[in-house]
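Chemist: Protein chains in written order, with this note's numbering: chain C, 1 to 305; chain U, 306 to 727.
Misleading hints may appear alongside valid ones.
Claimed, not checked - A few chain U positions that, by computed beta-carbon distances, are all more than 10 Å from chain C:
id, residue
1, N308
2, L331
3, G335
Unchecked claim - Quick partial rundown of chain C residues pointing at chain U, CB under 10 Å, derived from the structure:
id, residue
4, E148
5, D283
6, H284
Source of the hints: derived by calculation from the structure; they are not laboratory data.
No experiment lies behind these values; they were computed from the predicted model shown.
Note that CB positions come from ideal geometry on N, CA and C, so glycine has one too.
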Amino acid sequence: MPNSERKARSTSRRQFLKAAGAGVGTLAGVPGAAQAFDLAEFFQAHFRELSREELEGVIQRLERKYSEKFGKAVTVDAVGPNDGVLFGYGLDLSRCIGCRRCVYACVEENNQSREPQIHWIRVLEFDRQDVIRGIDFEDGNPFYDHEEVPAEGKVYLPVACQQCENPECVKACPTTATWMEPDGIVVIDYNWCIGCRYCMAACPYGARHFNWTEPEIPADELNPNTHYLGNLPREHGVVEKCSFCIQRTRHGRYPACVEACPVGARKFGNLLDPDSEIRYLMDHKRTFVLKAELDAKPKFFYFYG
Amino acid sequence: MKNIMAFASFFLKEIVRGGRTYYAWLVCLGLLIAIGVAGYLEQSVHGHIVSNMRDPVPWGLFIGTYAFLVGVAAAAMALAVPGYVYNWKPIKDIVVLGEIIAISAVIMAILFIMADLGRPERFWHLLPFLGKPNIPYSMIAMNVMVLNGYLVLNVVLVFYFLYCSYADRPYNRAFFMALMLFSIPAAISIHTTTAFIFNVLPARPYWNSAILVPRFIATALCAGPALMILAFQVLRKAANINIRDEALVKIAEITAIVLFVNLLLFFAEVVTEFRSATAHTVHMQFYFTGIGDDVGLAGWAWFGATCNVLAFLLLLIPRTRKYPVTMNLGCVLVFIGVFIEKGIGLVLPGFTPGSLGEIYEYFPSRVEAMIAIGIAGVGVLVFTLLSKAAIRLTFSEPLEEDGHLQVEGSPKGAYRPDPVRP
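Could you put the whole structure together from the sequences, leaning on the hints where they help?
Modeler: Have a look at this one:
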């Protein structure tokens with residue numbers, strides 16, 4: 001690390017960085033060029049500034065790196081957004097039973113660290129009486145541990161990234177390592193994030209999580225179908241969060257949590273399509289968003305009643 | 306050019322030359338730095354998991370101390386204003402030492418940021434042209450800009466001034482004064498953007514208050530000068546130089562006035578929070594009383610506030626302000642009080658309870674403490690080396706034997722009466 005740091009200091013032109021990144025991308029094919037792999041990663045430009053060829057090189061390098069690391073074929077997808085799509089999420093609170101199946105389906109799908117554990121979805125348990133006057137998060141308990149759920153007199157509120165239209169995290173990020181895609185998904189370039197954790201301070205929903213150490217995922221549990229901006233395996237020192245399962249949803253599939261929910265509390269779809277299920281529910285259910293007063297404009301809607 | 310080389314070699318010779326005490330001091334600082342390096346290596350191997358920061362409290366000792374040190378750096382303006390705007394000789398003599406403190410503080414602040422980054426090798430992503438800084442939206446990106454600018458400005462100022470002293474020629478007045486005067490708004494800007502890092506976040510009601518900006522400036526202008534008063538006395542003893550008592554007392558007076566403003570702003574914040582008693586008050590409640598059975602930070606909160614109030618009284622009352630023991634006690638208390646207010650009192654209650662209501666009680670880990678000690682060592686080392694050369698070049702007039710300027714009619718050891726204004 002200090003070695004590469006020194007190299008950064010002595011370099012002074014973006015052009016050179018780009019050229020080096022692209023150049024070493026081809027070098028990566030040379031066997032025994034282990035050192036070059038790191039260099040390519042170090043000099044890699046911001047995701048949105050990669051040319052088509054550079055992106056090709058990056059994807060090949062990452063596929064090789066993770067296939068080697070986990071001993072199985074890992075694919076890295078970088079497919080872009082579809083036209084006319086703005087993703088939105090719905091969660092029916094009257095159906096949620098607090099079973100946390102979504103939490104673990106998410107971990108398996110999105111390659112979160114198993115040790116220490118990182119969960120992108122957090123399910124809060126409230127006393128039914130407490131939520132009568134509105135949701136005060138200090139009343140919520142994420143560490144409930146009953147034999148059976150739902151527990152008597154309790155209600156459950158799962159929270160993950162709210163995919164805001166006015167995302168505080170994006171404004172906060174000092175390096176533009178996080179941004180909103182045209183289909184509304186707020187994504188992170190894990191290879192550009194410097195790990196300052198300002199986005200975590202800025203996020204009103206506790207949706208962002210930091211890799212405090214090198215994440216551990218057993219090779220047989222790794223999901224090998226990854227997207228660069230989604231479930232690509234992370235490394236220590238970077239922030240991660242829900243990406244609406246970008247690796248699935250951009251190919252027309254549901255997010256893993258939607259599929260895992262045993263009571264059908266979770267809904268997902270295209271907000272721009274008036275015939276979508278999510279639009280139907282928004283038109284026919286009572287709907288609210290969390291912390292509406294902050295005007296972050298979440299695209300994660302809660303239904304009740 | 307030849308002159309500059311000669312200056313550089315003089316400078317280098319001066320910082321390696323010294324008595325046994327000087328070398329012993331350098332060895333001590335070297336040990337502190339070694340502790341920091343050991344801590345940093347441990348953190349590099351295992352990641353930030355060796356700290357006690359976690360997702361609910363993602364910032365701790367490093368960012369708190371960083372905010373504090375930016376304040377100390379900004380405090381150089383507390384000398385630049387009386388020295389160069391009001392042209393008051395006793396302070397004008399020591400402005401360069403204030404600038405050296407500012408340089409040391411900025412270097413420490415930057416090191417704290419580097420220690421806090423999860424991927425420090427990617428820091429170039431923050432830089433214009435090389436990286437992709439999110440300007441003007443991200444206040445960290447803005448702060449990095451102005452902080453580095455301020456560092457360069459002070460380095461230029463100090464070295465230009467010292468070079469002129471070395472070459473024994475008058476400085477270019479227009480150039481020097483332009484930089485010196487510019488350093489005043491620059492000092493305000495570094496601390497304003499530091500406050501903006503916190504107070505622009507709607508997600509954190511404890512910080513989301515415009516009053517945080519003037520509070521930051523106020524804390525800066527009391528902790529910084531307090532540190533200067535203490536450091537200058539150490540220099541005066543160690544290097545036997547002429548720093549006039551009236552300059553120190555004047556700085557103490559400035560500290561007292563600003564400390565009053567700081568206490569007032571803080572009081573206003575406390576009254577607003579507790580009188581309105583909304584859901585947002587929970588953070589200040591956590592700070593002052595703890596929540597439920599958790600006493601949490603309450604001990605620190607009350608200790609810090611007591612330090613500030615006591616210091617205010619000691620520096621306000623002329624008798625205690627002018628008496629060395631009580632003045633120094635006041636300075637130490639301000640320093641501790643502001644460090645608690647800005648380090649523990651600013652960062653931690655902002656994150657506790659967290660945005661989803663979780664209460665995680667943070668206290669720095671062993672490794673965090675080691676790294677902080679190391680960075681402090683670097684800062685003191687920078688200050689030692691720079692001030693040693695600066696003193697050699699700019700102060701020639703030695704003091705009386707007992708280390709104090711003797712003023713007719715004043716009791717021995719007591720500070721001189723109110724200085725005459727220019």
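Chemist: For each hint, tell me whether it holds in the structure or not.
Modeler: Cross-check of the supplied hints:
A cut-off of 10 Å between C-beta atoms confirms that U/N308 is not in contact with chain C; the least separation is 28 Å. Look at U/L331: its CB is around 24 Å from the nearest CB on chain C, clear of 10 Å, so calling it non-interface holds up. Every CB of chain C lies more than 10 Å from the CB of U/G335, the least distance being 19 Å, so the non-interface label holds. With 10 Å as the threshold, the beta carbon of C/E148 stays out of range of chain U, its nearest partner Cβ sitting at about 24 Å, so the hint is violated.
Because the closest C-beta pair between C/D283 and chain U is about 29 Å apart, greater than 10 Å, the hint is violated. Hint status for C/H284: violated, given a least beta-carbon distance of 29 Å to chain U, over 10 Å.
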